[in-house]
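A.B. asks: Okay, here's what each chain looks like letter by letter:
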Amino acid sequence: MNGGPAIAVEGLTKYYGPVIGIEDLSFDVARGEVYGFLGANGAGKTTTMRLLLDLLRPSRGRAIVMGVDCHRDSLAARRLIGYLPGDLPIYPDLGARDYLSYLSRLDGRRVAPGYLDHLLRRFDVSAIDARRRLREQSHGMKQKIGIIQALMLKPPVAILDEPTAGLDPLMVQAFRETVAELKRAGETTVFLSSHVLAEVESTCDRIGLVRGGRLVTSGTIDDIRRDATRRVTITFADGSPPIVRDVRGPLGPMLASLDGRPIHDVAVEPFRLEDYVAQFYADGAS
Amino acid sequence: MRAMLVRSAAQARYAIVGAYFLLCGFQLVIVGQATEIQRTQSFGRVAELMPAFLQRGLGSRAMLMATFRGTVAFGYFHPVVCLVVVLVAMYIATEPAHEIESGLVDLELARAVPRHRLLTRSLILAEAAIAGAVVLMGIGTVIGARLFGAPVAELPSATTRLHLLLNLAAIASCFAAFALLVAALSRRWTTAFTTAALAAVVLYLMDFLAIGWPLLRNIAWISPFHYYPALSVIAGESALARDITTLAAASVVCAGAAYWFFARRDL
Chain A
115 MNGGPAIAVE GLTKYYGPVI GIEDLSFDVA RGEVYGFLGA NGAGKTTTMR
165 LLLDLLRPSR GRAIVMGVDC HRDSLAARRL IGYLPGDLPI YPDLGARDYL
215 SYLSRLDGRR VAPGYLDHLL RRFDVSAIDA RRRLREQSHG MKQKIGIIQA
265 LMLKPPVAIL DEPTAGLDPL MVQAFRETVA ELKRAGETTV FLSSHVLAEV
315 ESTCDRIGLV RGGRLVTSGT IDDIRRDATR RVTITFADGS PPIVRDVRGP
365 LGPMLASLDG RPIHDVAVEP FRLEDYVAQF YADGAS
Chain B
8 MRAMLVRSAA QARYAIVGAY FLLCGFQLVI VGQATEIQRT QSFGRVAELM
58 PAFLQRGLGS RAMLMATFRG TVAFGYFHPV VCLVVVLVAM YIATEPAHEI
108 ESGLVDLELA RAVPRHRLLT RSLILAEAAI AGAVVLMGIG TVIGARLFGA
158 PVAELPSATT RLHLLLNLAA IASCFAAFAL LVAALSRRWT TAFTTAALAA
208 VVLYLMDFLA IGWPLLRNIA WISPFHYYPA LSVIAGESAL ARDITTLAAA
258 SVVCAGAAYW FFARRDL
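Residue numbers (the working numbering), protein chains in the order written: chain A, 115 to 400; chain B, 8 to 274.
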């Protein structure tokens with residue numbers, strides 16, 4: 115391991131025959147950062163995650179986790195990762211505890227003492243729930259178990275594919291607290307995909323938006339907020355018709371262009387990540 | 008590896024235990040039947056019932072089937088027995104395809120588990136299941152002989168029984184390796200298992216029909232069952248070492264190809 119980024123993706127490309135999975139994808143995720151990887155269905159988010167885990171083999175390019183090549187030194191890379199798949203596969207005949215115990219024994223890594231219990235408590239998995247067979251558990255409970263299995267080893271890199279899908283608001287909050295806790299500790303880099311943009315906004319330091327297998331934008335939420343187009347409505351004291359404009363960047367030049375007209379009010383629509391992302395989705399669809 | 012083996016065994020337990028009951032029970036029944044036929048001295052009538060094409064194809068060895076020894080030994084190469092042992096082995100060996108289909112492979116291989124471990128696990132478990140099956144069949148014969156008061160001296164010799172069971176295990180191992188190869192190339196368990204199972208049935212029929220159909224005799228060598236000449240084993244005329252070596256070589260080729268493909272594919 116070196117001091118470079120936690121995840122470095124360089125020109126990563128995956129073709130499924132004639133279909134583009136991802137193409138020339140390049141981005142970095144800094145150590146200790148929480149990175150939201152966004153995109154519409156089929157944009158290439160899961161493909162990227164599965165390439166990081168060497169479950170898929172790249173057509174070209176490479177992915178590096180904590181300085182380790184995900185394909186050439188796949189075992190060492192995977193030793194650094196905790197992964198939550200989008201659709202959590204289960205062994206229906208196992209209880210949650212046995213399921214977690216089995217997964218922790220697969221590669222000999224030790225669950226941090228007390229941490230598993232801490233996660234079980236945080237996600238409200240009671241002793242009875244932990245004993246019940248997974249086939250009898252609700253979707254939300256399985257999702258909680260999925261999050262726990264991904265994080266129980268305190269991996270340096272957690273890759274979470276839609277972690278809050280199917281969780282109730284309390285558990286979404288528990289997830290946010292867990293991510294915040296990991297961020298504070300600074301030992302885990304979180305790379306997550308989600309369609310719940312409010313959650314991304316509240317948990318992620320940076321986001322990357324992928325469309326048609328290509329990264330179309332990347333930056334911190336603040337950068338994006340600054341860069342985003344905002345709808346500004348100016349009403350005048352003299353009763354003249356209001357001006358409604360989509361403004362990018364500071365408002366100064368726009369206000370200066372009013373030549374001293376008597377402003378009654380300036381209303382700026384608050385930045386909404388949903389609108390920003392939806393604009394990219396819509397551009398891709400058109 | 009141990010955790011994966013235990014988990015896979017638990018997953019396949021119903022198929023394994025069910026097959027074991029069937030195989031062991033089959034030996035009890037066949038020993039009981041042979042004892043009854045022997046007691047009523049009806050083996051002559053059994054010989055009369057044998058189809059003419061079998062008598063022509065098998066020659067003098069066909070008459071072994073109409074003896075107490077041959078009937079008891081039939082429990083080791085009856086089509087149902089052969090196919091049950093083979094199918095159980097293939098059921099276990101195709102588990103990697105199930106793991107891909109269900110997504111379990113994402114959980115297992117998201118950890119520092121080498122890809123080849125999934126195949127090795129399935130292969131070890133399949134071999135263990137085969138070993139368990141043939142051992143239980145042997146035990147079934149002994150229990151049957153005691154239970155029905157069979158004439159112990161007229162049972163197939165222990166060496167003959169051992170050779171038959173070894174040969175059967177070698178065939179099942181060969182099919183397990185073939186099933187592993189199919190699983191290593193598949194995304195769906197049903198595709199993998201059905202392909203492997205159909206291949207086993209077709210290859211069995213090919214070998215069986217080759218007894219009376221000269222055209223098939225020319226290509227019967229491709230069937231693993233061709234290397235299980237049970238009546239020759241009973242008659243003490245088989246080239247057991249050659250047959251087992253051939254089956255083992257085919258197993259190694261199939262398993263090797265499975266490892267090669269699995270290491271390179273997208274999961």
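The set of hints was computed from the structure by calculation and includes no laboratory data. Note that this is a predicted model, so its numbers are computed, not measured. One or more of the hints may lead you astray.
Derived list of chain A stretches under chain B, where covered just means 3 residues or more per stretch with a C-beta under 8 Å from a C-beta of chain B [as the list claims (entries may be wrong)]:
| # | segment |
| --- | --- |
| 1 | 180–193 |
| 2 | 211–219 |
| 3 | 375–381 |
Ideal placement from N, C-alpha and C gives every residue a C-beta, glycine not left out.
A.B. asks: It remains to establish, for every hint, whether it holds in the given structure.
C.D. replies: Now for the hints, and whether the structure bears them out:
Only when three residues or more bring their CB closer than 8 Å to a CB of chain B does the claim for the segment 180–193 of chain A stand; here the count is 4, and the claim holds. Counting residues of the segment 211–219 of chain A whose beta carbon lies closer than 8 Å to any beta carbon of chain B gives 3, which meets the minimum of three for the stated coverage. Taking a C-beta to C-beta cut-off of 8 Å, the segment 375–381 of chain A contributes 0 residues in contact with chain B, too few for the three needed, and the coverage statement is violated.
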